[in-house]
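Protein chains: 2
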Amino acid sequence: MNLLILEPGEISQSGEVVLADGRAAHVLTVLKAAPGHEVRIGVLDGPRGVGTVQAVDNGAVRLLCAFAPDLPPMPRVDLLLALPRPKVMRRLWAQLAALGVGRIMLTNAERVERHYFDTHVLSPDCYRPLLVEGLQQAKDTRLPHVSIHKELKVLVEDELDHVFDGGLRIVADPGASTPLPALLSRHPADRILLAVGPEGGWNAFELTLLQAHGFQAAAMGRRTLRTDTACVALIALVNEMERDGSE
Amino acid sequence: MNLLILEPGEISQSGEVVLADGRAAHVLTVLKAAPGHEVRIGVLDGPRGVGTVQAVDNGAVRLLCAFAPDLPPMPRVDLLLALPRPKVMRRLWAQLAALGVGRIMLTNAERVERHYFDTHVLSPDCYRPLLVEGLQQAKDTRLPHVSIHKELKVLVEDELDHVFDGGLRIVADPGASTPLPALLSRHPADRILLAVGPEGGWNAFELTLLQAHGFQAAAMGRRTLRTDTACVALIALVNEMERDGSE
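Chains as they are written, first to last, in the numbering used here: chain A, 363 to 609; chain B, 363 to 609.
Okay, chain A solo, but in the shape it has when bound (with noise of 0.2 Å):
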């Protein structure tokens, strides 16, 4: 836990909050904190700043908050996922949100089972918890937006302009002839939106589909991935390839 994340509600007017949980049990173990010394902190989708202990009692810390008037910046990823099966989305929300991503749209696909949909890892009690630990570790505020789509051509026709318009638009393809570097440099772009096949791959209707939609294949290596991987490796790829254009 690198930054200690807060609700929004969780926070008084005068600027205190009380932590009586495992965030408490961090700071005062881990952190060994004491009246007077300051955490890292932030506020779900807002600012970062200080946390200055006020005062422990009974394994409760108080904390004093002062903000930085600037937000983190916004993700520039955001990923169009076909659902993995449920043990593989589990490892993955914490990471994606430690990664940075805007959106994570999951959708169904040819090659996803249908009971792929019915786990408890799909619900906000689940997930929400391991995002804010994935932004807990990468001393990030902004939750990803997370939205469940079971057609995945619904989504591209009708959905997808409303929530990705103007960037790139990138599909991870193994049998693409353009290297996902090559096709990075040739189109810099302030927002990327990624899709990531089933293991099995993307079949040739939803391929068609996306391109169709202004999707671009791009190929990663030879070698296939499980989906938690790829999607970290595609995620990190796009990233420094980014980072390192802007520079």
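Any given hint could turn out to be false.
Pairs involving identical chains hold if they fit within one copy or between any two copies, as the list cannot separate such chains.
With a straight-line cut-off of 27 Å between C-alpha atoms, the simulated DSSO-like cross-links for lysine-lysine are [claimed, not checked]:
| # | residue 1 | residue 2 |
| --- | --- | --- |
| 1 | K501 | K449 |
| 2 | K394 | K515 |
| 3 | K501 | K394 |
| 4 | K501 | K515 |
| 5 | K449 | K394 |
| 6 | K515 | K449 |
| 7 | K501 | K512 |
Note that these hints are calculated values from the structure, not bench results.
Fit chain B to the known structure of chain A by using the hints.
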């Protein structure tokens, strides 16, 4: 399982293998292979090829193997990794093998807790099946070579030159001024040794030691990532930049 990995000793003189474990179950229930069908196979640290189902008997499968004349290429990346906590290391094994890593050198550092070295996760009984799982995912046969080093100084000063000579040595360091993609394009190399520190980072002594032994510092983003996320991101970046540069 995209490639069925066989141990060299399992294959008879006549090129046959009888499977009765999870691999047989995979062939029968996932691939639904019947006599005459072909499945992708590979010999650990050997060639890939095709196995033709000869017979199915009581859950066991007999394959006749035919192999390609060449071996899969050696991975270009070696990893020197400050040992992460056991839970994270467990998650990492299969992903490292899937991404392709020649050597995995696990080392101590100031910010590595000593008891991490006592875990079952560092025993071959635990990690070998996970590495094989990663190879089966990525259709590779090259088993990463694993070694465990309780003294970073001894590893770097006395041992490293024997196992890694002549390539590019990189240490991931959030404080470095050169982004990793820039460093990679400035120094094209056949082999790359990547040093990844503990979650709290290498200390000043460790960084100086590494740099005195030829490691060049490179940065990757400003986000603090969990070790497993960071390793996947860094290796993917090295692999892709290499691939891109060599085309």
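Verification of the supplied hints:
1. In this assembly of identical chains, the alpha carbons of K501 and K449 lie at most 27 Å apart whether taken from the same copy (25 Å) or from different copies (21 Å).
2. Taking identical chains as interchangeable, the C-alpha atoms of K394 and K515 are never at most 27 Å apart, the minima being 52 Å within one chain and 30 Å between chains.
3. Taking the shortest alpha-carbon separations for K501 and K394, only the intra-copy value of 19 Å comes in at or below 27 Å, while the best inter-copy value is 47 Å.
4. Proximity of K501 and K515 under a CA criterion of 27 Å is satisfied in neither setting, with 36 Å inside one chain copy and 31 Å between copies.
5. In this homomeric assembly, K449 and K394 come within 27 Å of each other (Cα to Cα) only across copies, at 24 Å, whereas the closest approach inside a single copy is 34 Å.
6. Within a single copy, K515 and K449 get their C-alpha atoms as close as 26 Å, which meets the 27 Å cut-off; across copies the closest is 39 Å, which misses it.
7. In this assembly of identical chains, the alpha carbons of K501 and K512 never lie at most 27 Å apart, being 32 Å within a copy and 31 Å across copies at closest.
The structure shown violates the earlier hints numbered 2, 4, 7.
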